[in-house]
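Undergrad: Below, each chain spelled out in residue letters.
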Amino acid sequence: MPLLQARSLTRHFGGLAAVSEVDLSVEEGEIVGLIGPNGAGKTTCFNLLSGFLRPTGGTIVFGGEDITGFRPHQVAGRGLVRTFQLTTLFQDMTVRENVLLGMHLHSRQGLRRLLFGRQIFPPDEVRGSDEVLEFTGLAPQADQLARNLPHGHQRILSIAMALAARPRLLLLDEPVTGMNLEESGHVMALVKTIRDRGTTILLVEHNMKAVMGTCERVVVLNFGLKLAEGTPAEVSTSAAVIEAYLGAGLQHA
Amino acid sequence: MPSNARAATVFVAVVALLIALPFVGGDYYIYLFALVFINVILAASLRPSLTCGQLNIGHSAFMCIGAYTSALLAKNLGVPFEISLLCGALLAAVVGLAIGYPSLRLRGVYFAMVTVAFVEAIRLIASIWVPLTRGNAGLSVPKPSLLGMTLATRTSQYYLALVLMLIVLVILYKLERSRLGLVWKSIGMAENLAQSLGVDIANHKLLAFTLGCFFAGVGGAFYAHFIRFLFPPEFGFLLATNILVYNFVGGRGHFAGPVVGAVFLSLLSEPFRGSPYETIFFSIVMLLTILFLPGGLITLPGKLAGLRRWRPTSGTYAPPASA
Numbered sequence: 001m002p003l004l005q006a007r008s009l010t011r012h013f014g015g016l017a018a019v020s021e022v023d024l025s026v027e028e029g030e031i032v033g034l035i036g037p038n039g040a041g042k043t044t045c046f047n048l049l050s051g052f053l054r055p056t057g058g059t060i061v062f063g064g065e066d067i068t069g070f071r072p073h074q075v076a077g078r079g080l081v082r083t084f085q086l087t088t089l090f091q092d093m094t095v096r097e098n099v100l101l102g103m104h105l106h107s108r109q110g111l112r113r114l115l116f117g118r119q120i121f122p123p124d125e126v127r128g129s130d131e132v133l134e135f136t137g138l139a140p141q142a143d144q145l146a147r148n149l150p151h152g153h154q155r156i157l158s159i160a161m162a163l164a165a166r167p168r169l170l171l172l173d174e175p176v177t178g179m180n181l182e183e184s185g186h187v188m189a190l191v192k193t194i195r196d197r198g199t200t201i202l203l204v205e206h207n208m209k210a211v212m213g214t215c216e217r218v219v220v221l222n223f224g225l226k227l228a229e230g231t232p233a234e235v236s237t238s239a240a241v242i243e244a245y246l247g248a249g250l251q252h253a
Numbered sequence: 001m002p003s004n005a006r007a008a009t010v011f012v013a014v015v016a017l018l019i020a021l022p023f024v025g026g027d028y029y030i031y032l033f034a035l036v037f038i039n040v041i042l043a044a045s046l047r048p049s050l051t052c053g054q055l056n057i058g059h060s061a062f063m064c065i066g067a068y069t070s071a072l073l074a075k076n077l078g079v080p081f082e083i084s085l086l087c088g089a090l091l092a093a094v095v096g097l098a099i100g101y102p103s104l105r106l107r108g109v110y111f112a113m114v115t116v117a118f119v120e121a122i123r124l125i126a127s128i129w130v131p132l133t134r135g136n137a138g139l140s141v142p143k144p145s146l147l148g149m150t151l152a153t154r155t156s157q158y159y160l161a162l163v164l165m166l167i168v169l170v171i172l173y174k175l176e177r178s179r180l181g182l183v184w185k186s187i188g189m190a191e192n193l194a195q196s197l198g199v200d201i202a203n204h205k206l207l208a209f210t211l212g213c214f215f216a217g218v219g220g221a222f223y224a225h226f227i228r229f230l231f232p233p234e235f236g237f238l239l240a241t242n243i244l245v246y247n248f249v250g251g252r253g254h255f256a257g258p259v260v261g262a263v264f265l266s267l268l269s270e271p272f273r274g275s276p277y278e279t280i281f282f283s284i285v286m287l288l289t290i291l292f293l294p295g296g297l298i299t300l301p302g303k304l305a306g307l308r309r310w311r312p313t314s315g316t317y318a319p320p321a322s323a
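First to last, the sequence lines map onto chains A and B. The opening position of the first sequence corresponds to residue 1 in our numbering, with each subsequent residue numbered one higher. The opening position of the second sequence corresponds to residue 1 in our numbering, with each subsequent residue numbered one higher.
Treat the hints as calculated values from the structure; they're not laboratory data. A couple of the hints might just be wrong.
[Stated by the list, open to error] Reference excerpt, derived from the structure (chain B facing chain A, CB under 7 angstroms, subset only):
hint, residue
1, 179
2, 189
3, 196
4, 197
5, 271
6, 283
[What the hints assert, rightly or not] From chain A, some residues computed to sit far from chain B (all C-beta separations above 12 angstroms):
hint, residue
7, 32
8, 76
9, 92
10, 102
11, 121
12, 122
13, 158
14, 237
[Claimed, not checked] Here are a few chain B residues that sit away from chain A, every Cβ distance over 10 angstroms (derived from the structure):
hint, residue
15, 21
16, 86
17, 132
18, 182
19, 186
20, 194
21, 199
22, 201
23, 292
Quick caveat: nothing in here was measured; it's all calculated off a predicted structure. Cβ atoms here follow ideal geometry from the backbone N, Cα and C, with glycine treated the same way.
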């Protein structure tokens, strides 16, 4: 049974079907890419899976449980954690505080601890955050404000926070946007390591090179519909996909 | 930490001065500062909600509920002040919970609109429910008491106000510096991110809002027994915006912001109290703050220090750790 299974996922905005009858499944341990031209419905799909949007139709089953219509924090609580396309961080907190808040989900603190604990974060969480910071290479900047990090590091921090929440499935929304070749290579290597440590990954990305080099399976959306699905090699040679990306005329050119 | 030690020193010094005030100042100053303390309670109690990113423009409604509840209990049923104050605060919190539960799910400006409507509704209820509140004829209120003793002198009431304010401030400070406070801050900074990390933002906003209503109720209850006359129009939209302005003028980036804002504005606006110029004064101060000190008065010392010793802003860029 797949870790995540969406059946005929549909979302209408007024008369527009942003996502229409999309079937999507992700097996445990996979890295799956969700690609498509602008406006294909990729981000809408992410918002549906992570509970930020309610689907108009269809079901989402995660880890054997029907999570259709769950609110975002409930989805996150089940182990399905997302990042955001625009760099979204707690800008005026330090890098470590950002990661520590990522661990919030798993902290079981009583109200007394919550209000009157001597340290805001118990030692085991601090250790956990150190581990995540070390793993993502952000340890040297741990005490800087998030807003002072360079763009590439901010993107990595948003992944680090999601990791701190110990997800079973990590949804990455355009993790290498705005990065140069070296930076995006670094992030993609990080993504593979994360998978190797046991977290399944579904990512949306515009950068084809990054997708083709990292993902084992690719799902292509176009105008809210699933256009194709397969290995990167299969998809990149599919006539329908080439047409969607480059236009029909080009094949004959 | 040195900055913490400095803040603690300032705090102790200010409290010492406030304790000494009745020995040096006349009745007028005692009265004035007790009013300032009430404003500080109101301003600080709005902060949890603001921290969560909720614009509450109706805080005086909860002060009003606290004031009338405590006043009526004491006047009609002879309930001792300690109990009536607590009841006033609790009812304010319960009403806050009832208003907040549906409306905190609204985003952005819609919540603010609900609070505006609510403050007018409460003011109207206080005006119209004549058999209970005596409406716009006003309600006279007994003096506060403590452990059965009536606090008849202004000086004793001043100390009561001081102690109440300190208790409220310590509790709110503890909250802000707790894990809960950090989660509230995270909601204010990036609501969607907090959600994606498993924070139930609706419940946290509701908790912050309800706690704020409770302490506004405390402020209102004391106000009732201190002024000893309740008049519904006093609790209108204007007072609510003033409470908000205290927070913005003082600065929202620091716990001391609303405290500084409330003290500064209450003292400076004293000559205009009750006159139409009060509104003009508040508007001008608010505009000047937005234009010249967007971080509020609390950022002024830092800015002045920065002007005195001119230095380039220190670069915070560090090279990538592993790339």
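Undergrad: So, for every hint listed, does it hold in this structure?
TA: Here is how each hint holds up against the structure:
no.	hint	verdict
1	179	5 angstroms, holds
2	189	5 angstroms, holds
3	196	5 angstroms, holds
4	197	5 angstroms, holds
5	271	37 angstroms, violated
6	283	28 angstroms, violated
7	32	19 angstroms, holds
8	76	4 angstroms, violated
9	92	6 angstroms, violated
10	102	5 angstroms, violated
11	121	7 angstroms, violated
12	122	9 angstroms, violated
13	158	8 angstroms, violated
14	237	33 angstroms, holds
15	21	32 angstroms, holds
16	86	19 angstroms, holds
17	132	36 angstroms, holds
18	182	6 angstroms, violated
19	186	5 angstroms, violated
20	194	8 angstroms, violated
21	199	6 angstroms, violated
22	201	7 angstroms, violated
23	292	21 angstroms, holds
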